[in-house]
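Colleague: With chain X fixed as given, assemble chain L onto it according to the hints.
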Amino acid sequence: MSFSISNLACARGGIPVLEGVSFTLEAGQTLLLRGPNGIGKTTLLRTIAGLQPAAHGSITPGADQIAYAAHADGLKATLTVKENLRFWADVFGCDDIEPALVAFNLTELRTRLAHNLSAGQKRRLGLARLLVTGRPIWALDEPTVSLDQESVGLFATAVAAHCRAGGITLIATHIDLGIEAEALDLTQFRADRQSEDHFDEAFL
Amino acid sequence: MIALLIRDLRQATRAGGGFGLALAFFLIVTVLVPFGVGPESAVLARIAPGVLWVGALLACLLSLDRIFALDFEDGSLDLLATAPIPMEAVVVIKALAHWLVTGVPLTLAAPALGVLLNLPQGGYGWLVLTLALGTPALSMIGTFGAALTVGLKRGGLLLSLLVLPLYVPTLIFGAEALTRGLASLDNATPLLMLAGITFGVIAILPFAAAAAIRINLR
Numbered sequence: 001m002s003f004s005i006s007n008l009a010c011a012r013g014g015i016p017v018l019e020g021v022s023f024t025l026e027a028g029q030t031l032l033l034r035g036p037n038g039i040g041k042t043t044l045l046r047t048i049a050g051l052q053p054a055a056h057g058s059i060t061p062g063a064d065q066i067a068y069a070a071h072a073d074g075l076k077a078t079l080t081v082k083e084n085l086r087f088w089a090d091v092f093g094c095d096d097i098e099p100a101l102v103a104f105n106l107t108e109l110r111t112r113l114a115h116n117l118s119a120g121q122k123r124r125l126g127l128a129r130l131l132v133t134g135r136p137i138w139a140l141d142e143p144t145v146s147l148d149q150e151s152v153g154l155f156a157t158a159v160a161a162h163c164r165a166g167g168i169t170l171i172a173t174h175i176d177l178g179i180e181a182e183a184l185d186l187t188q189f190r191a192d193r194q195s196e197d198h199f200d201e202a203f204l
Numbered sequence: 001m002i003a004l005l006i007r008d009l010r011q012a013t014r015a016g017g018g019f020g021l022a023l024a025f026f027l028i029v030t031v032l033v034p035f036g037v038g039p040e041s042a043v044l045a046r047i048a049p050g051v052l053w054v055g056a057l058l059a060c061l062l063s064l065d066r067i068f069a070l071d072f073e074d075g076s077l078d079l080l081a082t083a084p085i086p087m088e089a090v091v092v093i094k095a096l097a098h099w100l101v102t103g104v105p106l107t108l109a110a111p112a113l114g115v116l117l118n119l120p121q122g123g124y125g126w127l128v129l130t131l132a133l134g135t136p137a138l139s140m141i142g143t144f145g146a147a148l149t150v151g152l153k154r155g156g157l158l159l160s161l162l163v164l165p166l167y168v169p170t171l172i173f174g175a176e177a178l179t180r181g182l183a184s185l186d187n188a189t190p191l192l193m194l195a196g197i198t199f200g201v202i203a204i205l206p207f208a209a210a211a212a213i214r215i216n217l218r
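So the protein lines, in turn, are chains X and L.
UniProt numbering applies: residue 1 is where the first sequence begins, and numbers increase by one.
UniProt numbering applies: residue 1 is where the second sequence begins, and numbers increase by one.
By construction, these hints were calculated from the structure, which means they are not laboratory data.
Note that the coordinates shown come from a computational prediction; the quantities given were computed from them, not determined experimentally.
Interface residues of chain X toward chain L, partial, derived using beta-carbon atoms under 7 Å:
| id | residue |
| --- | --- |
| 1 | L51 |
| 2 | Y68 |
| 3 | G74 |
| 4 | K76 |
| 5 | T78 |
| 6 | F87 |
Note that the Cβ used here is the ideal one computed from N, Cα and C, for glycine as well.
Here chain X stands alone, though its shape is the one from the complex (with noise of 0.2 Å):
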């Protein structure tokens, strides 16, 4: 299993983001994305993601083996914890969902309403649905907002364990998360947005 992206460029709104992103992960290796806001983490992981076409370049192995965890968690408010996890759990064809409970703390909250959780009970279940997808590749946008001191632990647990059974994982923050990782600072990729042909596209 590795994860390689050759001379990728992307770009947001119809403005170019970043140019020329390559590097290579093997397995088992984590990469954290570094840089100032607006940079394009986001729209870097989203188009790893496969949300948006890459204006150029290639991302293998494909979509179908990322798991990707956006800003949003995704939940459902009306729905309990176990409901909003067994959701995911059965769109990616996994049967147990104990172990991603247990792994983010979450096994006492099993029947409470998504809407009455905090903004850290959200995010820890928002980043338990990742170990129900089985995927191998983990595409993280700013995984720890909100997440108290225990909870950080909790997730570099998670993400050393998904390391160490041959995952890869990628990241985009901008605090100390205690995970054992190399750093890539996205500012030497910036795209030149000067040089684009302003085309508006709504005029078509």
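Modeller: Same frame as chain X, now just chain L:
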């Protein structure tokens, strides 16, 4: 896919899910019409087919903007797009869930509301049949409209403007089949047209709606 259907149905029946909203609206519309046109039973019997069909159509429209907007807001549409279910199947399931929580109850409640409008005897079977044939098209076309406007703030009004013209053929043939049925005339042609429109939109629109969602998610 079954999981998605179960989740949508479960959500619809929980607090704030909107189940019953369409039914209540349909009831109010059919109660208001006699107030507007007067209680003369011959007039009511004359306009009952059209009023029942327009009422059901407008009731269907009410909950359309929820189909994708809620999933878009809480991020689950992004996650569904990266899940191993094709987007076309997501669209079909969403339309089916919408039909089960609005179209089916409207069809079943329509005979009771027909009484309020003095619908002539013998028309009740036709009423249920035409609505059962036509409401799937209303849900499918509405789901397509919801897919086009997903991600727009306050897209609900635009959605109505987009979808209502597309409802016209279903309304014309649905009401025509019912009126002809009431008058004991041959109504096979409008019934076949109604069924044809329904099957046609179910065959084509999932692909168009899925394409619209993919573009809107970029």
